[in-house]
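Quick note, the sequences are listed as chains D and X, same order.
For the first sequence, numbering that gives the first Met the number 0 gives the first residue as 0, with consecutive numbering after it.
For the second sequence, numbering that gives the first Met the number 0 gives the first residue as 0, with consecutive numbering after it.
Hint data in this document are derived by calculation from the structure and do not stem from the laboratory.
Every value quoted in this text rests on a predicted model; they were computed, and no experiment measured them.
Sample of chain X residues at the chain D side, in silico, Cβ under 7 Å:
#1 95
#2 157
#3 319
Simulated restraints on C-beta separations:
#4 X:320 to D:179: 33 to 41 Å
#5 X:228 to D:195: 56 to 64 Å
#6 X:152 to D:29: 18 to 26 Å
#7 D:138 to X:255: 33 to 41 Å
#8 X:264 to D:82: 49 to 57 Å
#9 X:319 to D:29: 29 to 37 Å
Covered by chain D, according to a simulated footprint, are these stretches of chain X (three or more residues, beta-carbon under 8 Å):
#10 84-94
#11 97-108
#12 121-130
#13 142-156
#14 159-165
#15 302-314
For glycine and all other residues, C-beta sits at the position ideal for the given N, C-alpha and C.
Here is what each chain is made of, one letter per residue.
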Amino acid sequence: MPKLSYLKALNRALGDEMERDPSVFVLGEDMHHALTNVTAGFMDRFGAGRILEMPLTEQGFTNFATGAAMAGLRPVIEFQIPFLLLLVFEQITNQANKFRLMSGGQTSIPVTYLCPAAGWRVGWGAQHSDQVHSLFAHMGVKTVVPATPSDAYGLLTTAIRDDDPVVVLGPLATLAVREDVDFAALAPIPLGVGRVHREGDDITVVAVGHLVHDAISVADELADEVSIEVFDPRSVYPFDWAGLAASLEKTGRLVVIDDGNRFSGLGAEILATAAEEMHLVVPPRRITRPDGAIVGAAPELDVALQPTRAQLVTTIQQVMKVS
Amino acid sequence: MTEPKAARTPEGLYRMIRFIRRFEERSIDLVKAGEIQSGVHACIGQEAVPTGVCAALDPDDILLSSHRGHGHLLAKGSDPAVWMAEMAGRVTGFDKGRGGSFHPSDFSANVFNATGTVGHGCAIAAGVAWSVQQAGTGQVVVSIFGDGAVTQGALLEGFNLAALMKLPVVYVCENNKYATTLPVEAAVAGSITGRGEAFGIPSSTLDGQDVDVVLAAADEAVARARDGGGPSLLEFSTYRYEGHHTFELKARLRYREEAEIAAWRERDPLDIQAARVPADVRDRIDAEIEAELDEVVRFAVDSPKPDPIDAFDYMYSDTLRPRAGVTG
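So here's chain X without its partners, still in its complex pose (with noise of 0.2 Å):
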């Protein structure tokens, strides 16, 4: 039951926006319900950027998601009942319950990494994105970032050997407004758009609340990317409506007005995107998506637990084993 990437239609892409809310919502159920140990950084509000970004990319094109990720796996491809399961640390996940929902790799769907030294995944993408430039194979890189990654210094190191180097990567910034509680505005100097430019890297910060502005962004960046013209950084203005993490829900922090999330609500992307789209269109893809969202639950929920046996599987790549420890 793989969800394929959104279909550059109108009604696909209201099928991944709404697919992805869903999916976050589910999510947070099983949260709440204590099958999902890790919690989610649920991307709810900022569904239209994966929607557009991954709709611009082929199916070779490669993926350096980010802690926020859940989006991001879905709309490059990933199947949802896979990835819920690893979100719940299950056998049947991608990487079998070892990368969780904070660091998936989904090589099935070209989903490398999701490195959780927030910003380091810039390099990283670099390194890919040269490796597949030497090697002709017309790729595309895309790595995506919050606004908490542009004030790692890590960030710049791989905007310069990509500039450097004129990779073909796309750099994706979901400014969504905090670094967990940190406003935007009190972590960053200067904007976000002026470091991609200080590399002489083309960047444009445009609402990330629309997914054909998305989409249409995306587009062009990508094939400045195949046609050898190097990188660009897109900074999305996003919003998420959920705390940064599901430990909100019980830590409730005040870091922000009630006020200011309903605004952000007013320009919802699933709104915005659903109403391009036919009532009775929409409500068949709602009906379809509930359906198979039970279906991702239940395979989730359903799926065996890791034996604690195997703990050390998969650490290296050959037959060492750590010791264990204790001895006798």
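Chain D extracted, bound-state conformation (with noise of 0.2 Å):
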């Protein structure tokens, strides 16, 4: 089967969408020269009506694709940096994700919010590496972080077709991620939908995003003296909480492993709900970033931060010999 890279599945998503729907359209920074790669080949393909190039107006071209959504089309913006997401927090979360109720069901905003480079790399410094994830979760915004190509392709496609705002993350440790798939197969993933990438009895993993590579590492690593269960929301807003406590049923035993921060984060809403409604055996962990991570720019700095693969393995052996 040929190669897909998680970094041309989103190009490929985006790609037929816009063949599929005229009312699509990209705006974005950067646009002539597809400076990310997801619009690589669209301005010649599409045009200039349809690849909108935008100067550097976060907020203006934010609120623009919200006044272009209201007016019928669906836009699509590209965000090279993941903290332009905190700089257009309050466009997406108190404006475009507020209007569909606040006009009593009268519009909708179907705009897909998408960072192709969420999250971090290593070096980038403080205003570069923040992962942004939980907090549009906390804010009721549709929220998925691929962590696969095909389930980049699937769930970007369903983001732009969706009648809500969606944000959509690529982390950027993801893009070189390549996939074995059959371009015939490839198709819409619902939202809220998680994905058991790998199966097990004794404990079950939530990875989101680049950590899920991690994490089926780790298994296939362990898998002599424990079978891990792998679970992917791939949603982190709606959230599969029916997937996990279907997988917490057979397991009882919860590790959550997240590159968010810990205070309020993922992992926190994760191991509450958990805890609350759904079978454990023994007390449910989480490795994540601190409480409210700033990454120095020196290396060293920056990954004494990251949740590691290291963390994973100790944790995941201190919670089976809990009885």
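These two chains come separately, so use the hints to put the complex back together.
This is the structure we're talking about:
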């Protein structure tokens, strides 16, 4: 089967939707040069009327997209850097995501906010390294973090077709991931449906984004001593609580690895919900960035705050020892 | 009982100004009676601006309003009874009680939005205007904001995009001299029109108390937008007699002198237009308005309030329902 890279999957999903639906258009920075490669070839293919080159005016073009959506179009905004989603956090959470309710359902705002460089790359420093998915989930914005190329294709497609605002975060660390795929089988993936990458009986590891790949390799590495189920929620909001409950019903043990911050993060929410509502035989654990993490520019100061595969191994072993 | 947008006659313009004035006074009564929980940002004193601007528009043209938007919607053609019901949080409102006085949308009158984030409607309007420009519909988009919005960076981002893309949009600044309590001269360096001119947007400062002046300026700006000439900025000098919000009925803030309010009342937009209409015609119009407003208020007050169980309705377009705040 042919190989599909994560980045090419985003490119393919976006291109397919633009072919299918003339109301889909893209706006963002450096579009003429397709700087992130997500829109590679699109300026020639779709023209400047559907690939809008925007100046550095992120709040402006986020609001612009809201207006275009109210007028019946389906904008996809590309943000090159995750902190830009903090700059437009108000425009997405307090405006776009509220206008449907505020209008009593007269309008909906089908905008996709795509950041194909989410999370972090070692050494980019404090202002280029935040992981923002928990913030959007906290505010009730539909948010997905696909981990594989086929999931990136399927979830971006669904996000564009969704009638509400959807944040799509492609972690930097996943962009180079390649997968054998049958192109004819690429299809939309519903929001709120997780994926069990590896079945297991002893413990459930919930991982998000690039950490899914670490979780899978740890599961392989520890296969002789413990049977690990790797659960990837894929959507952070809505979250597949039923899928998690089914996994815990079997294992009764839970470790979450997420590179969001600890305080009020996704890990906290998953542990709290599992503790309140699901089958657990021992206390659950989480591996996250520290509270309010601010990474230094020096790689040593950056990596020191990231959740690691070694921490995951140790935590799994600790949880398995509790009886 | 839809109130049509103002007819472009002296009587029609008088009727709309008078209607907005009395609608606002009745809404303040409902605030005092506890029927409008949010309070209101009354536009009394400013009625000539929405009346003149909307008289220059076609029904298909699109309006983005502000928190002081009661007059905007009435002048654009929104049903006053449905509007009052919305303000009173009733399910018969445009937004079924979800938008309220501050955040109305009425798509039946092409009022898309009144975002609460001051100044941000400017770029939302640019996005709407780009969409109708691409579709070639010939529609014009009007975005109305106050002087408080001109110190927001987001407003300038909207101006930049609208001018860069030569969009069919008319920006209307209701300079009522105060951003809540802050006088415009203590907030705005340079000028309001200078902000538009910096982007190459034709910009002018005009008397907002004389509806004929407003209508003539709006006609010119709307024609420019419709003919592909791009955006305009109209700054109307006006004044609100009431407080920023009805909380001032109790707060009794002292940020302006009574003499200043009295001086502005000397150039009352209702009086200015009344002088252009025969007394007997005015009497008939006034009586019709009182009768209609009795019905408007009755409809609003008699309409049902939302069922609390429906609090999540309209949040998402699909079947997604948020988890409740407590389980078990």
